[in-house]
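Engineer: Protein chains in written order, with my numbering: chain U, 1 to 222; chain L, 1 to 174.
One thing to keep in mind: the hints can contain errors.
Here are the simulated EDC-like cross-link-like pairs (lysine to aspartate or glutamate), alpha carbons at most 16 Å apart as the crow flies [unchecked claim]:
1. LYS214(U) x GLU169(L)
2. LYS62(L) x GLU78(L)
3. LYS41(U) x ASP167(L)
4. LYS41(U) x GLU169(L)
5. LYS214(U) x ASP199(U)
6. LYS62(L) x ASP34(L)
7. LYS103(L) x GLU79(L)
8. LYS192(U) x GLU207(U)
9. LYS103(L) x GLU78(L)
Read the hints as simulated data drawn from the structure, not as lab findings.
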Amino acid sequence: MHPIALAILLTPLGLLLRLYAILPQGKPTKRGVRLVSEPCKLGMFLGSGGHTTEALTLLSSLDFARYSPRTYIVSCGDTLSAKKAVALESLKASEILAYSVITIPRARRVHQSLLTTPLTSMQSLATCVYHITLSPLITGVHFADVLLLNGPGTCVIVCIAVYINRFLGLHSPKLVYVESFARVRRLSLSGKILRFFVDRFVVQWPELAAADSKAEYRGWLV
Amino acid sequence: MLAFVTVGSTRFDGLVHRALSDNVLDTLRSKGYDHLVVQCGNSDFDTSEFTRAGDTWTRQQKGGVLVEVWRFKPTLQEEYKRADLVISHAGSGTILDVLRLQKPLIVVPNSTLMDDHQQELAVSLDDLGHVKAATVQNLLLVIEGFNRATLVPFPAFDGSRFREILDEEMGYPY
Chain U
1 MHPIALAILL TPLGLLLRLY AILPQGKPTK RGVRLVSEPC KLGMFLGSGG
51 HTTEALTLLS SLDFARYSPR TYIVSCGDTL SAKKAVALES LKASEILAYS
101 VITIPRARRV HQSLLTTPLT SMQSLATCVY HITLSPLITG VHFADVLLLN
151 GPGTCVIVCI AVYINRFLGL HSPKLVYVES FARVRRLSLS GKILRFFVDR
201 FVVQWPELAA ADSKAEYRGW LV
Chain L
1 MLAFVTVGST RFDGLVHRAL SDNVLDTLRS KGYDHLVVQC GNSDFDTSEF
51 TRAGDTWTRQ QKGGVLVEVW RFKPTLQEEY KRADLVISHA GSGTILDVLR
101 LQKPLIVVPN STLMDDHQQE LAVSLDDLGH VKAATVQNLL LVIEGFNRAT
151 LVPFPAFDGS RFREILDEEM GYPY
């Protein structure tokens, strides 16, 4: 067989094998031991509306000295989510400014035509890759140790950027997905997709956990 | 006593129309409510019987219920606190806000929304006794039979659960 044909055949196979190798296994991911004094960089995607409210409620329970610094990812134009994040930060009264807010283009706006969705998704992905993959390569400062996701669609794009890091063997944050309190019997679309890719997949109703071996239920979290 | 109806950020013509109907107002009156406030969002309603002052439409019903309708406020937290009964759409944010204030809640899912997961949430919380689930059609009956003493108190926010999950994942000792 011609070497080029062989390469064309084997490349997708190699990519698939690599993807398989980096997918979280059924068993819990290996957890290192961290000193109490060792801080952990936290990333949080704020998906607007109810997603943002739930995300910030989850964050409000954390020790901000431990999870520091924090990076909030908001969609372009979603000033309300950014304001709510700033409000939580001032409520937790951290004396040093230990957080930042970055904005990314929306993967798909409400009512946007499906035809142009790939284009806007690529813009969104490019910005995520800049923050999660490229900028850390240039500056040597990694994006986060753990990234929390709770929907909707654009957080799938954020997850893809993290997977580019994993694919290339670069430092990548652990991914924790928390399904909304509103989802009782059926996962949201982002939950259905991300359950294969995240390290922890947490739901808030026992019915969902019973139907899904990956899902973990510890009662209501918000 | 004050009853507060909220439809959230969109519109829910069915619920607003029903809440403003004479028989619902009569029932509220008979249950001791003399004041009804309706946050109607972008819903359409018959404004002809109301007096408008600024962003609020008011009407004093003959039976005695004072009815007040307005579209939006930046936060509804104060309205929930003032209310003796909340009748709301089934948005999870609204439900959590109202239940955390331990206010009696009747939830009416908006069946015109495409995704009916709101319906599941309302029914599940009803099964647990935290809310009463209703429909636009049976709202009158539900209000008639409503007894706040039979509701199960909603648990307070417990931040330790998520903190433990994350601390565990990141390898912090307990």
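Engineer: Could you check the structure against the hints above and give me the numbers of any it violates, in ascending order?
Structural biologist: 2
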